Amino acid sequence: MDQFILQILNGLDKGSAYALIALGLTLIFGTLGVVNFAHGALFMLGAFCAVTVSKLLTLSHKVVDDTRTDFLGNPMQVDVPYLHDWFGPAMGDKLIDWAVPLSILFAIPVMICIGFIMERGLIKHFYKRPHADQILVTFGLAIVIQEVIKYYYGANPIPTPAPSAFKGSFDFGVLIGFDVNAIIYPYWRLVYFFFSLVVIGAVFAFLQFTTFGMVVRAGMADRETVGLLGIDIDKRFTIMFGIAAAVAGLAGVMYVPINPPNYHMGMDFLVLSFVVVVVGGMGSLPGAVAAGFLLGILESFASTSWAVSNLPGINQVIIYLVAIIILLTRPRGLMGRKGVMEE
Amino acid sequence: MLGLEKKDFRLLLVVIGLTLFAPIILNPFPAGSEMAQFNAGYPDLMQRFVIFGIFAIGFNILFGLTGYLSFGHAAFLGVGSYSAVWMFKLLSMNVLPAIILSVIIAGLFSLLIGFISLRRSGIYFSILTLAFAQMSFALAYSVLTPITGGETGLQLALDDPRILGASQTASGNIPVPSLFGLEMRASYEMAVGAWSFTFNAGYYLAAVILVLAFYLAIRIFRSPFGMMLRAIKSNQTRMSYTGLNARPYTLAAFVISGMYAGLAGGLMASMDPLAGAERMQWTASGEVVLMTILGGAGTLIGPVLGAGMIKYFENIFSKINSQVLHDWFGFLPDGLEDFVVTLIYPFVGKGWHLTLGIVFMLVVIFLPGGLVQGGQKIAAAMRRRKKTDDANPGATKPAE
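The listed protein sequences derive, respectively, from chains A and B.
The first sequence begins at 1 in our numbering and counts up by one.
The second sequence begins at 344 in our numbering and counts up by one.
The shape of chain B in the complex, shown without the other chains (with noise of 0.2 Å):
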């Protein structure tokens, strides 16, 4: 099917299950209930695990396949924002060409940076891409302003331009983005007894864009050019060795990788039409290199999931704070509560980075190929488990 093999294309399927329900899926508690906090289909926090999850596909066609690791990847997120702003001020408010300005853009800047922080591999390329990454962060800060809005950020205006669109509304505000007229924030409330669940235009336009992304990611491992990338990964020299130089493919994977990066940026200006420069800071640099790592990387789901693992913790665990934790264990004596929330307390609230970093740890020690490899361990230790059982009666029936 759509030129996948069986395998890949129930794993699509999957994907666009969950993208489509996601606002259902991750509404599994009742509102205003006790479990309520633990809800993540609001509008905003879709959005962002849809975009993070393609900010992942793209950064893993780079690092899961090649093995080169950039520590500066969020430069092209953070370009990829500014355009799109940018082409809500002077275009108009429709959300396509900003995206595809951010994308062909994010595209450009990421030729330029990977030409020449390809001509060095391993640590001098990661010390590289970060160098080039902490430079413009740096000058968006400062002298770029007129263009980024420096440390404000880029915002919209009552008097931009707009060539296609108008300045300001009938009443005075400023536009909102949207898709021919269909508003990014325009939402649907269903309720359903006790549960409430919204579908956001915004969410929706991203996950259509996120499968695509998707589907293009399982083309783009499944093709001979994908197999060349892991060519290089497992041997450069030997490839080189055969005749085959590595630099057009491995300039590709970048590229590619930096405008899945632009998309994801565009899509976020898109979801709130402001862009700053904190974006392309190299620890927003190394949040996707997390993401990537504790789904999985070199996987074909392992980065969405990961994405969505971390922005999930990001909001829900920051949200539990003492008073949460004295709710949930008041059940307990006096004494044994007030011990217990003291231990969980520093690993949630602002704290929950510390979960984070103990997890990624954990996650690189014991498995270097993420949560996917680690789910496919317990599904073949169980498969082996099943068989065994299945073998052990024949094997001790006595011979009559």
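Excised from the complex, chain A in its bound form (with noise of 0.2 Å):
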């Protein structure tokens, strides 16, 4: 028992990244119409966002400390981030330990400013277009905002630790009665977590109970009439747009302490949140989470030793086989709408 709910607690934080992916790309398609294939880079963009922010806080300067001396006997220079100059050292070091959550603040209009720009500049100019068109164009711009990252940070992955508040594990376990260190858990992916069902949550309020959200909504259902009904429908998407990059943007902030970014970790991400898109039905909002979360928690049941030694690579394979089995038994995905894509 305590070994089910580790292996769910293991699924949910990559659930959330899954779930966090699908939903932006859900909400383009189901906006626009298009098939992005750039919204892996627009996650990999987020992780580089905190990145930079947590370099940019860590910026410093020289200064000769005359209490120490280096090996050679001379006063010794030590880097003191501006910070400590701004603000002390304790409040300094305290913003640089959080760089990653403040990094949030940075991400959000960064990452809509990049999808008004992707939108206005690129995708518009696709609508009529057909869909391989759609997925061949994003796809070149992935490789762009790839090849573009990896000329400014390298090609290694850029450790970014979470703050040392949420370091270290938490036992789970004994909050439910069973033994200590039965269930242990890191702090940060049950942040991870919270925090993608914040943004899962607001995002579908937005939807659900703003005038603009229904409006959206409406535009989602039958564009052609909404823009007769004299709305600016083109308008409000390209904001859901931006919407939905910041969304994948913000995914990527979170998920830097759990895996160091490199500019390629994009592309891996997106692959298997077209699965999740397609096995949750294109199209579908609801359906794009649950099987974020879904396929999130069964690889991690493949994953144990007693599924891979039973079933030897199923940890590789679990995620494809479930998108193909869905696909070919329910076209339409678990909650996918009629007559989406489906000419």
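What the hints contain is simulated information worked out from the structure, not anything from laboratory work.
No experiment lies behind these values; they were computed from the predicted model shown.
A virtual CB, placed ideally from N, CA and C, is assigned to each residue, including glycine.
Do not take every clue at face value.
[As the list claims (entries may be wrong)] 20 Å max Cα-Cα, derived DMTMM-like pairs, lysine to aspartate or glutamate: (1) 662(B) / 377(B); (2) 167(A) / 97(A); (3) 124(A) / 222(A); (4) 124(A) / 234(A); (5) 150(A) / 657(B); (6) 576(B) / 234(A).
[Stated by the list, open to error] Calculated Cβ distances over 12 Å to all of chain B for the following chain A residues: (7) 1; (8) 4; (9) 71; (10) 73; (11) 85; (12) 92; (13) 136; (14) 151; (15) 168; (16) 186; (17) 207; (18) 208; (19) 212; (20) 305.
The task is to assemble the complex, starting from two chains supplied on their own in separate frames and drawing on the hints.
This is the structure in structure tokens:
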């Protein structure tokens, strides 16, 4: 039983990432009808927002410290972050320590801007083109974004730690009456899970309870009629693209402490997220989220030693296998709408 | 000629000529000169041109004709490579049975995958093929290690049985792939003045196969079968309303293109007898998509051009480092030189993928028909200008 709960928990963090990326993909697909192969790159850009912020916060200048000497006997030069000068050492260290959560504030406007530029500059011209062209041009864009990041940040993963308050693990088993150390779960993954729940909840609430969201939902259902009612639906869809980009970016920001980002992390996640979207049903937001968590948990169950010893290699292929079975038995996915992408 | 129309026959002759004289055409600069690094006439690169050309021709039969975008074609190439290497290990170092087996195995494999994937179309088909390819890649990397060699890849060893050949040569080395005794790596060097040309046996074998594959592709394009595939691309619904079942046609196209990929994989293993799982990764599938689109999907010669271009730039661009750039722009004033070099540097050397991505995006945006379409547009514009030049004097001639 404790193993069972542990695997569910282990699946949650990856599942959250899948769910967030798939949610963004579905938002873009449902509103603009565009298959965005550059969405993984947006996830990666979010992660590099966090890297950038943590680098900016640790910008420092050299100060000669007279009390200490280096190995040659000269007064030692110490790097002092500018933040220490501005806010004092205690506050400065705290800010540096909290770099990753702070970068959320930085990432949201940046990602929304990137989303706007992408949509207005490129995607807009591809509404009327076949889906294959959309896939191809966004695929090209993903390559370009990756290479630009690689040029500036190098090809190696850049470790960026979580705040020290969230280091270490949390003994989840004790809470629900298991032995000590039966179910241990790193704090940050728990944070990631709750964060993704908040973001998903916010997106759904935005769509459900605001006038703007209502118009967007109406546009998803019947774009032409909404346009005929005199509503500038294109502008609203552009904003939705920005929001989808921000969701992917936030997923990336918070994923940094779990997995040090490198320039091709987006592509790795993209393939899986597409599978998630297809399993959940093209164009269905709840489907994308549900399938994201479901596949994350399934993957974690398939990675247990029991599963691997009985079915070697199952941990590598489970997601694809599920996708193939779902596509062949329920062609619209778990919660797909009728008439989406069926031409 | 050969059952081809005059225009197609001319195209075939051009391809034959290009492949035959490639070692000379691709080496326009004298050896040892400044520009020698732009020479592409060395066997390894020429073999890659031809092999990826075959791969792209096959992919184009599926994507160019039926419009089904497969994102998992590299799996067939990988399967072809593995089966060829196994043939070298078990049977003999002759490349012929290896290539034949790789085509057959890739064909069977693509029959299986195609049968399942083709139940869906559009983006779903792309995702399905992608899922299958990623599955094969993951399995080849982990569980199937006894068959595929896992991370290290499948290599020849001294104690392989090789029933019809020797396990090792007299000097105790692993034998090299050959065609009835003609070693694939055998080359003939010819020096003409400052130029030196290399004629490689492996390249010419691959080139002959490329010409055959190209001929077959022309026949498919011009056949009623090819017509049917185009009908699927333009309007599948209407086709099924006229009482035709599209499935057998798409499946046949899928299997044919899978066999082409297997052929390319077998050839790749024949030139260099090892096979690794990374050949099956989805980025490799993406590469053949890039080649086909860049050259021009649905055209005959486009994919070959695209494959050649990408492989050429991959090899040549990635060799240019900042030192080379400084040499080139040395004639500029110092400040300007540094400026130009910093401007260009991100796009060459390690960053050549950036150039590739940008060029690819530009092609998709402005030239959906690829380079071939670009060429046609330019040719048409030239012709029009000529015509108007001819027509103008007549129009402005005053009445007498």
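Verification of the supplied hints:
no.	hint	result
1	662(B) / 377(B)	14 Å, holds
2	167(A) / 97(A)	11 Å, holds
3	124(A) / 222(A)	18 Å, holds
4	124(A) / 234(A)	9 Å, holds
5	150(A) / 657(B)	17 Å, holds
6	576(B) / 234(A)	30 Å, violated
7	1	29 Å, holds
8	4	25 Å, holds
9	71	35 Å, holds
10	73	39 Å, holds
11	85	32 Å, holds
12	92	34 Å, holds
13	136	5 Å, violated
14	151	5 Å, violated
15	168	32 Å, holds
16	186	26 Å, holds
17	207	23 Å, holds
18	208	27 Å, holds
19	212	28 Å, holds
20	305	14 Å, holds
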